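Make a model of the complete structure from these sequences and hints.
Line by line, the protein sequences give chains E and G. Using our numbering, read the first sequence as starting at 2 and increasing by one per residue. Using our numbering, read the second sequence as starting at 3 and increasing by one per residue.
Check before you lean on any hint, since a few could be wrong.
To be verified - Restraint ranges, calculated between C-beta atoms of paired labels, are given here:
1. G/N6 with E/R265: 29 to 35 Å
2. G/G24 with E/L140: 36 to 42 Å
3. G/E8 with E/D325: 31 to 37 Å
4. G/E8 with E/L86: 43 to 49 Å
5. E/S12 with G/N6: 42 to 48 Å
6. E/D94 with G/V19: 50 to 56 Å
7. G/E14 with E/D301: 21 to 27 Å
8. G/R40 with E/D301: 35 to 41 Å
9. E/R101 with G/V5: 16 to 22 Å
10. E/S12 with G/V19: 39 to 45 Å
11. E/E80 with G/V19: 31 to 37 Å
12. G/R54 with E/W81: 44 to 50 Å
These aren't lab readings, by the way, just hints derived from the structure by calculation. Please read all numbers here as calculations on a predicted model, not as lab measurements. Beta carbons are placed, not taken as given, at the ideal position from N, Cα and C, and that holds for glycine.
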Amino acid sequence: MTTQATTPRDSPAAPPALPPARGPLSEDVLAALAGSGTRLPAADAVRRSDPYGDDLQLLLYVLYELHYRGFAGVDERLEWDPALLGVRAAAEDVFLDALRRGAGQGGKNVAEAVDELQLEPVGDDGHSVSHHLRREGELWQLREYAAVRSLYHLKEADPHLWVVPRLRGRAKAGMVAVEFDEFGAGRAENVHAQLFADLMTDLGLDARYGRYLEAAPAQALAVVNMMSLFGLHRRLRGALVGHFATVEITSPPGSRRLAEALRRVGAGPAAQRFYDEHVEADAVHEQVVRHEVIGGLLEDEPGLAADIVLGIEATGHLEDLLGDHLLAAWREGRSALRTPLKP
Amino acid sequence: MVVNREGPILVEGPVEVVGDDGTTTRSDRFVVAICTCRRSRAYPWCDTSHRRRKPAGPAESRPDDDGRQPEKSEEEPRP
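Structure below.
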């Protein structure tokens with residue numbers, strides 16, 4: 002017997018369909034989720050796979066998604082299936098090792114790492130997606146950008162909520178205050194994920210949850226998988242906080258450029274509103290996150306400093322890989338997605 | 003209210019700010035960041051324009067959207 006939600010298929014709450022596999026590892030896991038296979042990838046095979054490759058990233062993504070909205074036709078009990086959790090743990094080891102390597106040598110203290118995030122480069126260093134889009138982004142590139150980012154923005158702030166029971170005092174109060182704002186401060190129409198869905202509709206995209214998973218490149222899956230990894234493991238609470246601070250601190254300048262890009266190509270008011278709101282909201286959030294959340298956590302648990310820096314640097318590392326992928330494709334005039342968008 | 007020399011004034015919301023021209027701007031946010039550097043394009047709210055700047059990488063640096071030149075002016079023609 003399977004346990005499945007009885008949500009009507011056309012409801013906005015309906016879970017998405019399972020995506021196609023991207024290799025042998027994700028193929029076995031997807032078959033297990035669909036109930037059409039019982040063989041699971043061996044730990045060895047997982048350990049040998051490319052940490053940032055499509056196969057491993059999709060495997061992690063679909064297993065993490067069981068903790069968010071799930072997939073149509075997948076037994077809800079599989080969220081806590083011990084065999085699947087074993088596969089996930091092997092994949093997480095590979096991913097986390099790569100993140101530690103990519104994050105650099107360490108040795109930086111939290112204050113230095115946070116200060117660096119606040120330094121805005123003067124001008125465009127040629128690696129910034131928001132600078133590119135503001136200056137010369139075409140409508141089709143902005144649509145691709147929104148499709149790629151929809152993996153996170155349609156679950157915006159969700160993975161960060163998992164850290165709340167692991168905090169106390171100022172860190173907890175600050176985190177919850179920011180999250181309350183992310184979730185619309187009590188107003189459903191202002192939930193940031195809803196503002197992003199409105200942006201997608203303005204751009205002629207399908208705003209239903211999870212629709213662009215198949216189209217998204219591995220680099221985009223990795224960004225979301227990192228949040229899930231940090232959010233789901235109490236031992237990585239410091240990294241989750243560092244990651245969250247990075248998002249909030251770097252958001253206002255980037256959001257302003259994206260709002261300008263959308264205005265320039267004549268996108269509708271909802272498309273502009275999402276990024277305008279993020280300029281103003283995140284200018285507040287970054288203050289609360291730096292002083293209350295990071296400050297409070299370090300006061301309680303000074304031993305987490307290195308993990309906070311890991312969260313900051315891993316986020317920068319994965320965002321760089323995604324940005325390089327998008328810009329390389331767009332500069333050659335080709336799509337950065339795995340499957341083209343409908344016009 | 004929190005006053006910080008290098009950043010905005012933080013005030014518990016909701017807040018109404020009356021500008022020089024008599025117009026009122028309102029924010030219901032739990033905390034509101036009010037611009038003190040006067041560089042914000044979302045004035046009276048902070049948009050982080052007060053931040054210090056660092057020169058971009060020399061290879062491809064271009065003036066930014068405010069027309070500010072990188073400190074090291076090694077701009078190259080666009081590819």
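- Item | Violated hints - listed by number, lowest first | 9, 11
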